[in-house]
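For this one, chain A is given, so just place chains B, C, D, E and F on it according to the hints.
There are 6 protein chains.
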Amino acid sequence: MTAPRFDTILITGAAGRLGTQLRRGLAPLARHLRLTDRVAIADLQPNESAHIAELADEAAMRALCEGVDAIVHFGGAPMERPWEEVLNSSIRGSYHIYEGARKAGVKRVVYASSVHAIGYHRLEDQIDAHSPHRPDGLYGLSKCFVEDLGRLYWDKFGIETVALRIFSSFPEPADRRMLWSWLSFEDCIRLVTAALTAPRVGFTVSFGMSDNSVKPVDNRLANHLGYHPQDSAEPFRAGVEARTPMPDPKAPAVQCLGGWFVDLGHPDDEAAK
Amino acid sequence: MTAPRFDTILITGAAGRLGTQLRRGLAPLARHLRLTDRVAIADLQPNESAHIAELADEAAMRALCEGVDAIVHFGGAPMERPWEEVLNSSIRGSYHIYEGARKAGVKRVVYASSVHAIGYHRLEDQIDAHSPHRPDGLYGLSKCFVEDLGRLYWDKFGIETVALRIFSSFPEPADRRMLWSWLSFEDCIRLVTAALTAPRVGFTVSFGMSDNSVKPVDNRLANHLGYHPQDSAEPFRAGVEARTPMPDPKAPAVQCLGGWFVDLGHPDDEAAK
Amino acid sequence: MTAPRFDTILITGAAGRLGTQLRRGLAPLARHLRLTDRVAIADLQPNESAHIAELADEAAMRALCEGVDAIVHFGGAPMERPWEEVLNSSIRGSYHIYEGARKAGVKRVVYASSVHAIGYHRLEDQIDAHSPHRPDGLYGLSKCFVEDLGRLYWDKFGIETVALRIFSSFPEPADRRMLWSWLSFEDCIRLVTAALTAPRVGFTVSFGMSDNSVKPVDNRLANHLGYHPQDSAEPFRAGVEARTPMPDPKAPAVQCLGGWFVDLGHPDDEAAK
Amino acid sequence: MTAPRFDTILITGAAGRLGTQLRRGLAPLARHLRLTDRVAIADLQPNESAHIAELADEAAMRALCEGVDAIVHFGGAPMERPWEEVLNSSIRGSYHIYEGARKAGVKRVVYASSVHAIGYHRLEDQIDAHSPHRPDGLYGLSKCFVEDLGRLYWDKFGIETVALRIFSSFPEPADRRMLWSWLSFEDCIRLVTAALTAPRVGFTVSFGMSDNSVKPVDNRLANHLGYHPQDSAEPFRAGVEARTPMPDPKAPAVQCLGGWFVDLGHPDDEAAK
Amino acid sequence: MTAPRFDTILITGAAGRLGTQLRRGLAPLARHLRLTDRVAIADLQPNESAHIAELADEAAMRALCEGVDAIVHFGGAPMERPWEEVLNSSIRGSYHIYEGARKAGVKRVVYASSVHAIGYHRLEDQIDAHSPHRPDGLYGLSKCFVEDLGRLYWDKFGIETVALRIFSSFPEPADRRMLWSWLSFEDCIRLVTAALTAPRVGFTVSFGMSDNSVKPVDNRLANHLGYHPQDSAEPFRAGVEARTPMPDPKAPAVQCLGGWFVDLGHPDDEAAK
Amino acid sequence: MTAPRFDTILITGAAGRLGTQLRRGLAPLARHLRLTDRVAIADLQPNESAHIAELADEAAMRALCEGVDAIVHFGGAPMERPWEEVLNSSIRGSYHIYEGARKAGVKRVVYASSVHAIGYHRLEDQIDAHSPHRPDGLYGLSKCFVEDLGRLYWDKFGIETVALRIFSSFPEPADRRMLWSWLSFEDCIRLVTAALTAPRVGFTVSFGMSDNSVKPVDNRLANHLGYHPQDSAEPFRAGVEARTPMPDPKAPAVQCLGGWFVDLGHPDDEAAK
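So the sequences go chain by chain: A, B, C, D, E and F.
For the first sequence, full-length UniProt numbering gives the first residue as 1, with consecutive numbering after it.
For the second sequence, full-length UniProt numbering gives the first residue as 1, with consecutive numbering after it.
For the third sequence, full-length UniProt numbering gives the first residue as 1, with consecutive numbering after it.
For the fourth sequence, full-length UniProt numbering gives the first residue as 1, with consecutive numbering after it.
For the fifth sequence, full-length UniProt numbering gives the first residue as 1, with consecutive numbering after it.
For the sixth sequence, full-length UniProt numbering gives the first residue as 1, with consecutive numbering after it.
Isolated chain A (complex conformation):
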């Protein structure tokens, strides 16, 4: 790719762990990156503009969508949080993004869904993108909601969505589960790039993992994206195994795709403590 394909891409959650990587990784794709987050965004580059705003702020979100060619929607609560926060940032916030896209004529949204939208399925079930939702918490529930929102906006309003069910995107695998769930930052960039540039996506769901040895899901239904991971958790295996005990295959957190999320209690109970 020599010339940028897009004039302006909007990135939500741009100050987050993945948002920060995407700023670097997506820069070649667009002349301009419009960034937004609820907190300040560091190290702004010449090709970037930054806008601090809450996703729950409908007017702000609509304004941010004006004039963009594509939206990379990685904002919202980044983990299991109390209901009110999930509701406002992820559910209402994502609605504001899609409404912004609709009103501004944006053609494609790439959304950071999550393994936690299907966290109660088991590894040996080898699910694919047509398997039913099985969220493992309020966080995952909000991811299901936004996937359905994307489906609606494609069927009714012709806005394409790629929902990326990201497994575990961290600098390196931090525990034994990440030996199969890890998505390297570079592969995350490859995945978002593929989702932005594939010729036709309609509404497509793709799992997001690196080329790890153990593969717990079947991603063939997203082969039209052209995503080809190039990293693997294998180089980290010895280290991870040396510092963590062998897992119990019967523990819910080992049998389920969602890992320890399935062991979490209700976040409102936690918040009430």
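Accuracy of the hints is not assured; some may be wrong.
[Said to hold, decoys possible] Sample of chain A residues at the chain F side, in silico, Cβ under 8 angstroms:
1) Leu123
2) Glu124
3) Gln126
4) Ile127
5) Arg176
6) Ser213
7) Pro216
8) Asp218
9) Leu221
10) Asn223
11) Arg243
12) Pro247
13) Pro249
14) Lys250
15) Leu264
Rather than coming from a laboratory, the hints here were simulated on the basis of the structure.
All values reported here derive from a predicted model rather than from experimental measurement.
All C-beta atoms in this analysis are idealised placements derived from N, C-alpha and C, irrespective of residue type, glycine included.
Structure of chains B, C, D, E and F alone, referenced to chain A:
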């Protein structure tokens, strides 16, 4: 069934079109029916208690769930409505119901989902309960959300849910589409009764139609409910056809399960007019 | 159904075994039946007009399609025949019919396909309408061709087709195979009526059998037609079994849906004898 | 059916609960019933001959298979038993039957498999005959073995088998599970009759239940047998429910097809007590 | 492969774009290549013989099939053409080839089917070889016909066929669609070689594409061919994208596998202009 | 992997062709290998202990299971053998192993199942691990039995099993079938290692082949094992093809996965000669 199976059943949306029928139809199943709606409930019977409350009122909903054996959740926005109303009544309200059920130890919820959760699928696709969500509006989107909510509360908290994707439940078929989508009031009662009394449901999705001649979906995945419709739209066919024109098979509202919902614009645009 | 739904229906093969039945059976559906066959049509009724013509006569077929609302295409070689005859009557002839429909704006075609389009599948495979073609002779091959032709004319030109894979439609079951393959004349009429009047068919394939006890295929993918057979081969069982030997379950003609067609040699070899 | 279809049918387990019913029910199908069991068979009829023998007695079994047209193999351990008994009666014994069939040229075997061959599947999974084996004990394990044995003898030696996965065949439903698992004696006879007389079965697996309201499995893959149950557990529902408590939907014995078999410990442990 | 596997291979369409490549690529597989086309074949090599003939010439085709070990059937109308031409060259012509193969005892045919046999399926549907035919024109319709013809000749006459649904085989990718549909000439040779030499094919359908990044179909059902593409359209991406505009994902020609063929009108209309 | 993951692994059949390879290959995984076979085990290493015993010796097997972390069960009749031998070594013997595992609290068993458990499926059917059993002899039948035994011990007793359906594991491909069925010894070691170390297997079935060009089955349902073959039969192709004739694609031994096993008669007949 000679003796009531339940002590108390909570019915939400009890003043609505279907809620009113369920009061009559479910009476033999429980010693007591606890009714709630946002508006007054007429003709209260000795076996009933009525509670006017908004679903969005969390404390009220929690109180209503105390001491009930099962919840028949038919409340929420009854059709396509602006986002804020859908969000508050259907999304937030249903969350309050499930939280109420969880805190009060209620074991089963029967939920009025809708054909509009899968409205963009076509008749000739003959989908079943495992086919992906394809909502046809904000109303359907909220139905998808509550189905996923029920799935979560089963997987994580052990509360069973039957999500009934009701097609068109009216006194009689009002148009040509209802010749295949109609659910008679008596069959609706049979369906809710089956969902309440089946020995094991886990999380089950069932389509809700009478035994009409044209069958546009495959309901075999709900055969463990023991629902057997006994009514049919056929006796109404001649009348309906006499007063309505032949449909155009290529019109979206004819090809899609959701009918004319797929032709609706965005409800917020409508509301803004 | 009190009033005719159609003004004019064109029936091809109208002098044939089934065409003769359809004249009687479809009469209530249309004000006028336009009949065509390569041979004379007996006992013309006031609501009928007859036109002797070869399907291979393109100009004649186009003229016959003018001004009709639906086509019931039952013409063409009625059994295994030499290639040139199959090619001219069934392949070229059916092309003429679809071209006639396209030029005249006819909206729906009901086509007499056959079990012989899938004759090499076995009973215990319980195939459905999505299973691949497996023709058992040139006759079946031409049926596959016309099914694909109908699929093309739906996808490209918006003409709906119901392809009826008729098993064995005779006055009564004549052999042991027909105890499961029989389609009574009355059920054949019900099936064509359903195919003509279903609200939406797109391109639909339906198997055509009566409500026989042994059911060798799964017809659920055509449930939107609203076809409900009311006859059965069972009353004929004792008679058939008394006069025919028990079949060998390992004989190809017993194991395959196509029956004795799978034992036939090549018709051109037969013709050359 | 006026004349018997078979000269001689061999029934194993003929003194058992179901064997006794089959003697009566299958009498019209054959001129002669050859009966065998390990215990004495009461009330021998003129059309019957009785042979006391162990299934583990290879020579006896081979002799019994000589000159029979079909075998109805209902013998073997009738419930969870210690390994040695299961091994000898069900595994070795069934091998003797199939070897007897092979050497004597018997063309079809109808085998009493069991729900316990797939007992760990859940009701809401709505499995069909292609779903993998999931035995719930040694009894079920032996049923899986004999199904595979039948598959082998069909593929390799051309002997047809219908494996009937009988759920609960008793005089009447004895507990709440039997409200969905019950197979009446008359329906059991209908099922075996269908399996014996269907024109082509190859190797077919059929679930065996009456026409109960709650249907926990999908039997469509056996539709070529022509089995149509005519009884139902519904008339017994009120009585059963009155004398048994409501089940806990989360109990393994309620969620699994195998019922209380899944709660059993290892039979060898029990035997050692 | 050191020694030729075949004595003589017949190649139809040998003067065409792909036929020319196959002459070179298949030379190591056979001692002799018998070539045929309707036009003159240039640069004849010592291992080749050339025969100018129309596929519609039955006698010529039969003579050409005498004494060959395998047929690589790439002849027939190479694109959308008027009906009479498609009928004569592709439908009648292919029938002549299969009849020739049958009479001469040829054991395997490798047929150049096309993406246009399934052109109306969409990229995101990720179809496989069992998905139904959806031709996108008369050209694709004739490909469907020949696939069914091959299926018949396998089931009935034991002649194996591999139908290769070639996507876009050109010297290099010429437009954006070819970035996913391209089949390099070398990969085309690999594919035909695999189809000729696989130990067992029965009737197998394989998609024909290079190892491009975006993969719009699932070819796993042809894994027994042993085809492993080694080329990719990626090196051509920058050039293609620089000289062609971004596609509209909602345009039929972008959403459908068949590309711009789905936008074509009826070829007879075109011819009539 | 730097440190051994296991203290002690039990290997049955340790003197056999594959057992010998596994002793070498699994050495890095465990501090100690406990070996057993019915015959003497050569070249014992310091990390090994050897125990000569019959699998049919229940007490011996139970003792051997004491104190081991995992069992690699490769013992039992290694090919088609008379019934009594299959029964005693493979069926009874494997039962003893699983009972030993249960009593000793062993957590995982890796079992050498075989292609012969599914030998009657055809290459072009591209079966996966959920396809039904189709054993091709008594040997394969015993493999089916032990798979079901493993399934039971997982569902009921929580012992994980990986059943490896090994195709042809020999020093090098010996015939044309092995060009697709070959599993190199090194890949066999990789496969067993993956099965022992995968984080979660429950009950998993995996096919066992090297990365050969022709792939006759679909192994995607075992992707959570992390098995990645690194060898291929291709380097042996020229040699094998030079010394063996071309196969007949219609021969049962060519069309079926089980190869020449499907041509074998009954082993008891052979033994009786």
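These are the hints, each one checked on the structure:
| no. | hint | in the structure |
| --- | --- | --- |
| 1 | Leu123 | holds (4 angstroms) |
| 2 | Glu124 | holds (5 angstroms) |
| 3 | Gln126 | holds (5 angstroms) |
| 4 | Ile127 | violated (11 angstroms) |
| 5 | Arg176 | holds (6 angstroms) |
| 6 | Ser213 | holds (4 angstroms) |
| 7 | Pro216 | holds (5 angstroms) |
| 8 | Asp218 | holds (6 angstroms) |
| 9 | Leu221 | violated (12 angstroms) |
| 10 | Asn223 | violated (13 angstroms) |
| 11 | Arg243 | violated (12 angstroms) |
| 12 | Pro247 | holds (5 angstroms) |
| 13 | Pro249 | holds (5 angstroms) |
| 14 | Lys250 | holds (6 angstroms) |
| 15 | Leu264 | violated (19 angstroms) |
This entry does not satisfy hints 4, 9, 10, 11 and 15, going by the numbered hints stated previously.
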